[in-house]
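2 protein chains.
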Amino acid sequence: MTANPLAPSWLVVPDDANELAPAVWPSNATRAAGGELTLGGVTASALTAQFGTPLYVVDEADARARARDLRDAFDREFARIGTDVTIYYAGKAFLCAAVAEWMTGEGLAVDVCSAGEFAVALAAGVDPARIGYHGNNKSLAEIDNAVENGVGAIVIDSPVEVERVAAAARRHGRVQKVRLRVNSGVHAHTHDFLATAHEDQKFGITLDDAPTLVSSIRSHASLEFLGLHCHIGSQIFGADGFSESAARLLAVHAELRAGGEIAELNLGGGFGIAYTTADDPTAIAVLARQLADIVAAECARLQIPVPHLAFEPGRVIIGPSAVTLYEVGTVKPVSVGLDDGSSAVRTYVSVDGGMSDNARPALYGADYSVRIANRVTDARAALIRVAGKHCESGDIVVYADYLPGDVQPGDTLAVPATGAYCWSLSSNYNYLGRPAVVAVNDGAARVIVRGETIDDLLARDPGIGRGTRKAQTAGDHDTNNTAASSPDSQKAS
Amino acid sequence: MTANPLAPSWLVVPDDANELAPAVWPSNATRAAGGELTLGGVTASALTAQFGTPLYVVDEADARARARDLRDAFDREFARIGTDVTIYYAGKAFLCAAVAEWMTGEGLAVDVCSAGEFAVALAAGVDPARIGYHGNNKSLAEIDNAVENGVGAIVIDSPVEVERVAAAARRHGRVQKVRLRVNSGVHAHTHDFLATAHEDQKFGITLDDAPTLVSSIRSHASLEFLGLHCHIGSQIFGADGFSESAARLLAVHAELRAGGEIAELNLGGGFGIAYTTADDPTAIAVLARQLADIVAAECARLQIPVPHLAFEPGRVIIGPSAVTLYEVGTVKPVSVGLDDGSSAVRTYVSVDGGMSDNARPALYGADYSVRIANRVTDARAALIRVAGKHCESGDIVVYADYLPGDVQPGDTLAVPATGAYCWSLSSNYNYLGRPAVVAVNDGAARVIVRGETIDDLLARDPGIGRGTRKAQTAGDHDTNNTAASSPDSQKAS
Numbered sequence: 001m002t003a004n005p006l007a008p009s010w011l012v013v014p015d016d017a018n019e020l021a022p023a024v025w026p027s028n029a030t031r032a033a034g035g036e037l038t039l040g041g042v043t044a045s046a047l048t049a050q051f052g053t054p055l056y057v058v059d060e061a062d063a064r065a066r067a068r069d070l071r072d073a074f075d076r077e078f079a080r081i082g083t084d085v086t087i088y089y090a091g092k093a094f095l096c097a098a099v100a101e102w103m104t105g106e107g108l109a110v111d112v113c114s115a116g117e118f119a120v121a122l123a124a125g126v127d128p129a130r131i132g133y134h135g136n137n138k139s140l141a142e143i144d145n146a147v148e149n150g151v152g153a154i155v156i157d158s159p160v161e162v163e164r165v166a167a168a169a170r171r172h173g174r175v176q177k178v179r180l181r182v183n184s185g186v187h188a189h190t191h192d193f194l195a196t197a198h199e200d201q202k203f204g205i206t207l208d209d210a211p212t213l214v215s216s217i218r219s220h221a222s223l224e225f226l227g228l229h230c231h232i233g234s235q236i237f238g239a240d241g242f243s244e245s246a247a248r249l250l251a252v253h254a255e256l257r258a259g260g261e262i263a264e265l266n267l268g269g270g271f272g273i274a275y276t277t278a279d280d281p282t283a284i285a286v287l288a289r290q291l292a293d294i295v296a297a298e299c300a301r302l303q304i305p306v307p308h309l310a311f312e313p314g315r316v317i318i319g320p321s322a323v324t325l326y327e328v329g330t331v332k333p334v335s336v337g338l339d340d341g342s343s344a345v346r347t348y349v350s351v352d353g354g355m356s357d358n359a360r361p362a363l364y365g366a367d368y369s370v371r372i373a374n375r376v377t378d379a380r381a382a383l384i385r386v387a388g389k390h391c392e393s394g395d396i397v398v399y400a401d402y403l404p405g406d407v408q409p410g411d412t413l414a415v416p417a418t419g420a421y422c423w424s425l426s427s428n429y430n431y432l433g434r435p436a437v438v439a440v441n442d443g444a445a446r447v448i449v450r451g452e453t454i455d456d457l458l459a460r461d462p463g464i465g466r467g468t469r470k471a472q473t474a475g476d477h478d479t480n481n482t483a484a485s486s487p488d489s490q491k492a493s
Numbered sequence: 001m002t003a004n005p006l007a008p009s010w011l012v013v014p015d016d017a018n019e020l021a022p023a024v025w026p027s028n029a030t031r032a033a034g035g036e037l038t039l040g041g042v043t044a045s046a047l048t049a050q051f052g053t054p055l056y057v058v059d060e061a062d063a064r065a066r067a068r069d070l071r072d073a074f075d076r077e078f079a080r081i082g083t084d085v086t087i088y089y090a091g092k093a094f095l096c097a098a099v100a101e102w103m104t105g106e107g108l109a110v111d112v113c114s115a116g117e118f119a120v121a122l123a124a125g126v127d128p129a130r131i132g133y134h135g136n137n138k139s140l141a142e143i144d145n146a147v148e149n150g151v152g153a154i155v156i157d158s159p160v161e162v163e164r165v166a167a168a169a170r171r172h173g174r175v176q177k178v179r180l181r182v183n184s185g186v187h188a189h190t191h192d193f194l195a196t197a198h199e200d201q202k203f204g205i206t207l208d209d210a211p212t213l214v215s216s217i218r219s220h221a222s223l224e225f226l227g228l229h230c231h232i233g234s235q236i237f238g239a240d241g242f243s244e245s246a247a248r249l250l251a252v253h254a255e256l257r258a259g260g261e262i263a264e265l266n267l268g269g270g271f272g273i274a275y276t277t278a279d280d281p282t283a284i285a286v287l288a289r290q291l292a293d294i295v296a297a298e299c300a301r302l303q304i305p306v307p308h309l310a311f312e313p314g315r316v317i318i319g320p321s322a323v324t325l326y327e328v329g330t331v332k333p334v335s336v337g338l339d340d341g342s343s344a345v346r347t348y349v350s351v352d353g354g355m356s357d358n359a360r361p362a363l364y365g366a367d368y369s370v371r372i373a374n375r376v377t378d379a380r381a382a383l384i385r386v387a388g389k390h391c392e393s394g395d396i397v398v399y400a401d402y403l404p405g406d407v408q409p410g411d412t413l414a415v416p417a418t419g420a421y422c423w424s425l426s427s428n429y430n431y432l433g434r435p436a437v438v439a440v441n442d443g444a445a446r447v448i449v450r451g452e453t454i455d456d457l458l459a460r461d462p463g464i465g466r467g468t469r470k471a472q473t474a475g476d477h478d479t480n481n482t483a484a485s486s487p488d489s490q491k492a493s
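Protein chains in written order, with the UniProt record's numbering: chain E, 1 to 493; chain L, 1 to 493.
By construction, these hints were calculated from the structure, which means they are not laboratory data.
Label-pair ranges, simulated between beta-carbon atoms:
#: 1; chain 1: L; residue 1: D340; chain 2: E; residue 2: E261; range: 39 to 45 Å
#: 2; chain 1: E; residue 1: P5; chain 2: L; residue 2: A283; range: 39 to 45 Å
#: 3; chain 1: L; residue 1: P462; chain 2: E; residue 2: P211; range: 47 to 53 Å
#: 4; chain 1: E; residue 1: G238; chain 2: L; residue 2: P8; range: 32 to 38 Å
#: 5; chain 1: E; residue 1: A221; chain 2: L; residue 2: Q50; range: 37 to 43 Å
Glycine included, C-beta positions come from ideal geometry on N, C-alpha and C.
Chain E extracted, bound-state conformation:
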C-alpha cells in the first residue's frame, strides 16, 4: 500500500496495522488468541467492562522493570568508573502512592516539586531522606514543610532561596543538604548548545554565578552543599547534550572544590522514549555507559575524584508502561484538497476522551500511536486521526497513524506510551471527569487512582445544592470508574 499523501513523512505504512511495535508498547502487551489486546495478562474487554473508558492502564511489572533496569545499568556503569549513583524518580511525570511504592521498591529515590507531590510521597511511605525537592518558586510554607519533615535535599534555584532554606533549617535545628541548579547553556532538545550559559528561562542561575552562590551556601552553618544540578531538557534521544553539559558542570565543580569537598553531581533527567516507531531513543544501557565514560574522562582531565552521581528520570520509566483505552464514538472520513488539485481522505475517529486526559498533542504537538484493542482485522489500512470529544478543533489525541479501515463506533482504541505527563496534566475541560488509573499485573487489575464522577466535579460549586439536582447526570465517565465511591456519588439521584 502506498502512503496517504496527507500522512506525515515519518509515518511508515505498516504491513499489519494490528501490530504492537515493541518499542512503543509495554513489554506485557500482547494479542490474545482471538486477537484482542491484553495488558499485563488482562484483556482490554475485561478492563473496559470493569472500569469503563477512557481508562489509563499501567503495566506494573513493566514500570518496575524499567526502573530496575535503569538503576542496574547506571549502578554498573558508574561502579565501573569507581563511584555510585542515585536515581531519583521524577514524580512530576506521574505520581500516586502505588507508583511511589514501586519506585522505592526498586531502589529509586523520588523527586518532587510541590507540597502536593511531597505529601503524596510521604503518604506513600517514601523515606523523606530519599526525596529531592525542586522548583523555581517554592513557597516559604513549602520550604518550611520540606525541611521540617527531613527532606533529603532541596535544589536551590535562585539567590533568594539560599536565605530562605537556611532560615528554615535554622528554625528546625537542621543542617539541610542542598544542590544548586545551574544552566549549562546546553539545550539538548533543540540541539542548541549555547556558547554562554546565559539562558532565557526561569530556572536556575548561570554557571558564572555559581561560585558566588556556592560561597553564600557555604557561609550558612545550617546548609550543606551537595553539588551542582543541571537539567538540559526533555525527551532527549542521545548522549551528546548530557556529555557537553557534564563537561561544563565538572569544570565549575572542579573550581568549586577549592572551597571544600563536593560530594555529588546531579545531571537531571530528560531521557526520551518512543511514542511512535519513528522515534529512536538511545537505549538506557548505552546512555549509562556513555555518561559514565564522559564523567570519568572529564574527572581524569581535571584531576579530581569522580563524585557521586545523581539522575532524575521520569518519562523513560513510567511513560512506556501505560496505555490509554478509549471507545470510538464516530468515524468520519474527511476529503481534503491537495495542492495538485486532487484530494485525499483523512478519517477522523472520535473517542470519548481527548485533551483533558492527554494534553500533550495540543500542548506540544506531540505524536502518539494507536491500535484497535478489541480485535484484529485484515481490513486495508487507512490514515486516521484520533480526535477527542472536546469542543475544540485542536483536541487531537493522535495526529496520524494507520488503522484497519473498518474501525467503527464501539471499537476500543489503545494509545500506548501515555504513562508520563498525561494523568499529570489532565484537566476537567468541558466538565469531563478524569479517567481512573488501573494497574495490571499477572492477570489482575486494581485501581491506583479513582476516576472522577460528575458529582466530584460539581462538589466544589456552592451554587449547586445537593437537593436541587434535577436530572440523572450519569454519563460515560461515571460508570464503573469508581473504586471508592465518594460521599457525593452515593447521594446522586
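With chain E held as given, fit chain L onto it using these hints.
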C-alpha cells in the same frame, strides 16, 4: 523610555506601568486612594487575605453587563432587519452555577457540550428548553440524557448522530429540535477563506453534504430541523469571516427551504477580546450591526425571509470580567545575549500559580497583561516575564509586559482577562490545587467555586490511607481557599 530589545514588537512601553487599560480590565477595576487595585469594590489585599493566592476574581456586574449589552445590541440590530435572535452563552468558556444564573438572568440561553456541563446548567436551574447541546462525539448516554431532560436543541455533528438522536427522541416520546453543524470553509482566525468547504477538522459536515443530511433529519418524525449551524473559529476581531460564512450558509439555507420552512440560522461564536493593549477587537455593537446588515442583504438577494438568528458567545462575555491574583515568590533578572553581541535583561517574576491555572500561554502561545495589584510605584518600568511555579520551562503566565522595576517577592500581581478558558482548562499539574473562583460585586466577595486543598487531590488515591498521613501538608494552596470545607480537609493533620 526606549523599548527593551527583548520585547515583542507589539508591546508598547507604557507611560505609567501601573495603569489599568480599560480595554483589558473589568469595568469596575480601579486603583484605590492608596494605589491598590480594587475589583468590584473589594481591594486586592482584602481578597488575598481572605481567600489566598492564586485566586480567580470575577466581577459579577461586569459579566452581567457584557451579557446584557451583547444581547441588547443583537436584539436591536436584528429587530431592525425584522427578526429576532437568541444568544447562547458558551458554557465551555467558564461554567458554574453562579455564572449560569447570571447569564440566564440577563436573558441568555446556555450552550453545553457534555453531560457535565449539562448537569451544571440543570442544577443551576437553567430551563432545559433554553439549552443547546454541542459535541463532535456525544455519547449515547449523553444524547439519551439530554433528550430525556427536554434539552432545547441538539447540534448534530455527523451522519451517525441523526439516527442516534432520532432513536433517543422516539424512546422518550419527544420531537427533538436539532441543528446541523456544517463547515463553511471559512477559518476566520487564520484569515483563510477556503474555496471549498472541505475542511481538515473533526467538526461538522461539508455544506455539499448538508442537503442529504437535512433530508435524513426530515425523514424522522421524532426530529425537527431548526436550521444550519456554523462555527468559524475563536478570538475573531472583525466581521469579515462571519459575513462570508453567513453568505455561504444562507445560500444553502435558501436551497433547503424547498423541502420545508427553516426557522433559524446559527452562526456560532468566536468574538474576540483584548488580552493586551495591542488587541483591537471590533466592538460588539458594531459587529452586531455588520452581521445584521449582511444577513439582511443576503436574504434579500436570495429572496427569502430573514430567519431567526442564534449566536454562541462565551469568551467575549466572561473573558474580560475576571482577573487572576498571584503572589510573587522570586524575581530573577536574566541577561540574554542579542544577535549584535550585546545583551539585555529580561526579569523573570515567578508566581505561585502557572500553567495549571492558565494553560493558554503554553497551549496557544497566548499573550496576557499584568499589573502590580497591591501598590503603585514610580519605579522605572522593566520588561518582565511572569513565570509559574511548575517544573517546566514552558510554564509562563505572561510572556512580556512592562512592570515597575521594583516588583518584589510578596507583591500581588493581577493578570486581567482570565475569565474564559482558564478555570475551564485548569489542571492539577505538580499536584497544585486549583484556585478558588470568587465573585466580587458592590464591595462584597463570595466564593462561586471552592478552591482545592491538597487533601482533595489525594482523595482519589486508594494507596493513601487517611491514617497514614505523616506530615503537615499545608501549602499555599490550601489556606483560606475553602469556602466549604471538604470532609477530608477537616481531617487534615
